[in-house]
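In terms of full-length UniProt numbering, the numbers along the sequence shown are unbroken and rise by one, the last being 181.
Heads up, a few of these hints could be off.
To be verified - Distance windows between CB atoms, simulated:
1) V41 - G160: 34 to 42 Å
2) P109 - A85: 35 to 43 Å
3) M34 - V94: 18 to 26 Å
4) P70 - V94: 40 to 48 Å
5) T159 - E87: 17 to 25 Å
If you're looking for bench data, these hints aren't it; they were derived computationally from the structure.
Yeah, the Cβ is synthetic: ideal placement off N, Cα and C, and Gly gets one too.
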Amino acid sequence: MNQVIRSIRADEWRAVKELRLVALQDPVAHLAFMETYEESVVRPDAFWRERAAGAAEGVRDRRQFVAVGPDGTWGGSVVMLVERAGEPDIFGDVSERSQGHLVGVFVRPEHRGSGVTDALFDTALAWAWEIGLDRVRLFVHEKNGRAEAFYRRAGFVPTGGSSAAQGDTGERDLEFVITRA
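Please model the entire structure based on the sequences and the hints provided.
See below:
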């Protein structure tokens, strides 16, 4: 792997936008993301500036990590949200415990299988442990076998919990967790 894994900077909103739009065009984007390319491509620059600033280096409640190649191209990304006990999570439910929540996982197809995803997860988990979290969760669509296989290999285990998948399809997003050793 020839990628450097690091937190994004607030001024990198254009790269945040570019990678997200690529991610939303992935063949399984409809299973993995809660927004569509059509919704996102028309968002104003102010939205992308705010999104980058809200997950940049130094922010304590969320952090976006990227894999940057030698040519400066971002090969992938993951976002760690911090859910605090007693506060609403991204679904609007009150969190029972403080924990991390991994979202926005995407690696460009040409970098899959190269160790980039492992390195992104290792960095995101290290940050979660560093800030005092003992548990990190994520959700994966029940039909996204590729992602589920990676999460299991990375040490995440199913909790038995789930939530309704986006849309009115009757499908589920399955909850997986990992705890600090």
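To see whether the hints hold, each was checked on the structure:
For V41 and G160, the Cβ-Cβ distance of about 37 Å falls inside the hinted range of 34 to 42 Å, so the restraint holds. Taken as a hint, the range 35 to 43 Å holds for the pair P109 and A85, whose Cβ atoms sit roughly 38 Å apart. Judged by the Cβ atoms, the range 18 to 26 Å given for M34 and V94 holds: they are separated by roughly 19 Å. Look at P70 against V94: about 44 Å separates their beta carbons, and that is inside 40 to 48 Å.
The hinted window of 17 to 25 Å between T159 and E87 holds, with their beta carbons roughly 20 Å apart.
Checked against the numbered hints given earlier, the structure satisfies every one of them.
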